[in-house]
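Student: So the sequence lines, in the order shown, correspond to chains A and B. Each residue of the first sequence is one higher than the last, beginning at 0 in numbering that gives the first Met the number 0. Each residue of the second sequence is one higher than the last, beginning at 0 in numbering that gives the first Met the number 0.
Keep in mind the hints are simulated off the structure, nothing from the lab. Treat the hints with care, since some could be wrong.
As the list claims (entries may be wrong) - Incomplete in silico selection of chain A near chain B, CB under 7 Å:
hint	residue
1	Asp28
2	Ile29
3	Leu158
4	Arg160
5	Ser161
6	Thr168
7	Ile170
8	Leu201
9	Ala204
10	Ile205
11	Trp208
12	Ile211
13	Ala212
14	Gly213
15	Ala216
16	Met219
Unchecked claim - Derived, one-sided and incomplete: chain B residues facing chain A with beta-carbon distance under 8 Å:
hint	residue
17	Gly26
18	Leu195
19	Lys197
20	Gln198
21	Ile199
22	Ala216
23	Met219
24	Leu225
Using N, Cα and C, we set each Cβ at its ideal position, and we do this for glycine too.
There are 2 protein chains.
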Amino acid sequence: MLDVIEKAKGRSVTIQSPGTVANLVCGFDILGLALNDPCDVMTVKLIDRPEVIIHNVDDYNLPTDPQKNVAGVPLLDMIERLGNQVGFDVTIEKRIKPGSGLGSSAASAAGGVVAANHLLGNIFSQNDLVQMAMLGERLASGVKHADNIAPCITGGVTLIRSILPLDITGISSPPLYVTIVHPQIEVRTEDARQILRKQILLKDAIKQWGNIAGLVAGLMKGDYELIGRSLEDVLIEPVRSILIPAFAEVKAKSLEAGALGGGISGSGPSIFMLSKDEVTALAVESAMKEVYTQTGIAYYTYVTTINKEGVKIIG
Amino acid sequence: MLDVIEKAKGRSVTIQSPGTVANLVCGFDILGLALNDPCDVMTVKLIDRPEVIIHNVDDYNLPTDPQKNVAGVPLLDMIERLGNQVGFDVTIEKRIKPGSGLGSSAASAAGGVVAANHLLGNIFSQNDLVQMAMLGERLASGVKHADNIAPCITGGVTLIRSILPLDITGISSPPLYVTIVHPQIEVRTEDARQILRKQILLKDAIKQWGNIAGLVAGLMKGDYELIGRSLEDVLIEPVRSILIPAFAEVKAKSLEAGALGGGISGSGPSIFMLSKDEVTALAVESAMKEVYTQTGIAYYTYVTTINKEGVKIIG
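Model the full structure from these sequences, guided by the hints.
Tutor: Put into structure tokens, the structure is as follows:
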């Protein structure tokens, strides 16, 4: 390993790390997908000392203390795994707004370890990288979860069957367009977790797992109708959507405009909708804009597709 | 329709109707599969009067009053849908023991309507047939459920995403062997339903739907390892298995013998295990026999494969 580290010292790499949609409607905590837009850009350089130096080149004022930075904590873990023989200088250009529900913390956490691993000749496995990156998620939300990290690293739609032990599987999917509206309000992941009921009805859980099974089958078969019918969440959405202004109206108008279905992205406040084609995805965007313009709340929208590559080396 | 009925009168058909495994481990109420063994044999003949006549050619003493017979009730419904212009004479040779947990009632209910529909030139859709056959399940257990009926009719592994509205999808699967032990004790479906908790923990439900998604993905990918890891039920099995003598030991020894996994078939008392190949399936059978011989409880075993055809016309 010493050889690898020696060779890599001084070298740097620039990567693009995608935004992600976790808690894919009925797939709460287990299904996520990667987006082609927005993406963060990060440059990681190997340095001699076992430390992480963070430079932010954006306006979000995120912490530069690596112990408090979601990219820093996973890299500190990697340094320890490497026997403290190397460190990383990291420049982060964040384009995924923190707190958007679009996997901003996962993009930093995953982007950093994938870039560092690339410089080291890919000595860590994908599972190792997910384990390290999840430490960033724990810092951000108090909970180790992988449904943003896994799709961010691998691209596509990802199933996290289990966290302990870690069990990640890619789910193939037909072409899908994703329309997102990001209202400029804050929903803290911790708050969104706290309002969930700890006890649920067995009959509701059965409905939910019927839908999850239907969604996985629909994606793998490329059956858009089945995907649409399965995009229903009877447990989480009814509780969490109260934190998101005009959620019900956005959803209703998006479905009217032809969306297959959708829901809260991550723990919100972004709302995402899946469509079969670009024309529909653009019509959904118009519908979302119309609703949000009426609320007076500032918002961004995205019309994008599923990112099949995950974190990508660009220089 | 009158023409069709006139032409069919007096004609008869003999079918084989397969046993089924419902509540496929983590797929409680939504996943089932059809078996090549055991199967019932039924002969259905069209008659002039709008009534159902039932002959049992086995030793189970099942009711011959069609209102009280699980094959009779669905056929009475079909007669009504046909405007009371026809009736059915039904001979049932039951080889799937009632109360085994191997879909005995579904085999009768589904077999009857598929046979009758065949005689009528398949005028009813698959969904119609499932709807009618579910009336037999309601008679047997008090609950309309389709996770035996659907695989019995279509063959293979079947997902019932929803009952209302009915939404059935076939799930492709790699070759799988099924080993079954049927202890000769009675577990009433109603009792097995009653002991279930109505409220469950959200965190347990999340584990369960991770496994369901993993099982569907594993089956469709032909990934035996993933199938094995996903065959885990944290909600139903811990409660229901107490009704089945030596369940834990049968399961442990089966896994030791190389089974991918398994659990309670339907609501029991049969226990089923899936294996990748016949040699393993036979080793699992030996392990099951060893455990049950020690208990002193009489039992049958089956080593079979997934039935891909469902109800089959044989004459």
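Student: Should the interface hint for Leu225 (chain B) be scored as holding, given a Cβ-Cβ cut-off of 8 Å against chain A?
Tutor: 6 Å, holds
Student: Taking 7 Å as the limit, does the beta-carbon of Ser161 (chain A) come near enough to a beta-carbon in chain B?
Tutor: OK, holds: Ser161 (chain A) within 7 Å of chain B, min 6 Å.
Student: The hint names Gln198 (chain B) as touching chain A; please verify it with the least Cβ-Cβ distance against 8 Å.
Tutor: Since chain A brings a Cβ to about 5 Å from Gln198 (chain B), closer than 8 Å, the hint holds.
Student: Double-check Leu195 (chain B) for me: the hint is only fine if its C-beta lies closer than 8 Å to a C-beta in chain A.
Tutor: 6 Å, holds
Student: With a cut-off of 8 Å, does the beta carbon of Ile199 (chain B) approach a beta carbon of chain A closely enough for the hint to hold?
Tutor: Holds: closest Cβ of chain A sits about 5 Å from Ile199 (chain B), inside 8 Å.
Student: Does the nearest C-beta of chain B fall within a distance shorter than 7 Å of the C-beta of Arg160 (chain A)?
Tutor: Hint on Arg160 (chain A): holds, closest Cβ of chain B at ~4 Å, below 7 Å.
Student: Identify whether the interface hint at Ala212 (chain A) stands, where standing means a beta carbon of chain B within less than 7 Å of its own.
Tutor: 5 Å, holds
Student: Let me know if the C-beta of Lys197 (chain B) comes in closer than 8 Å to any C-beta of chain A, holds or violated.
Tutor: 6 Å, holds
Student: Interface hint check: Met219 (chain A), Cβ to nearest Cβ on chain B, cutoff 7 Å. Holds or violated?
Tutor: Holds - the Cβ of Met219 (chain A) comes within 7 Å of chain B, reaching about 5 Å at its closest.
Student: Min Cβ distance, Thr168 (chain A) to chain B: is it shorter than 7 Å?
Tutor: 5 Å, holds
Student: Against chain A, is Met219 (chain B) within 8 Å by beta-carbon distance?
Tutor: With a closest approach of 5 Å, the Met219 (chain B) hint holds.
Student: Given Leu201 (chain A) was flagged as interface, is its beta-carbon under 7 Å from a beta-carbon of chain B?
Tutor: 5 Å, holds
Hint violations for this structure: none, all hints satisfied.
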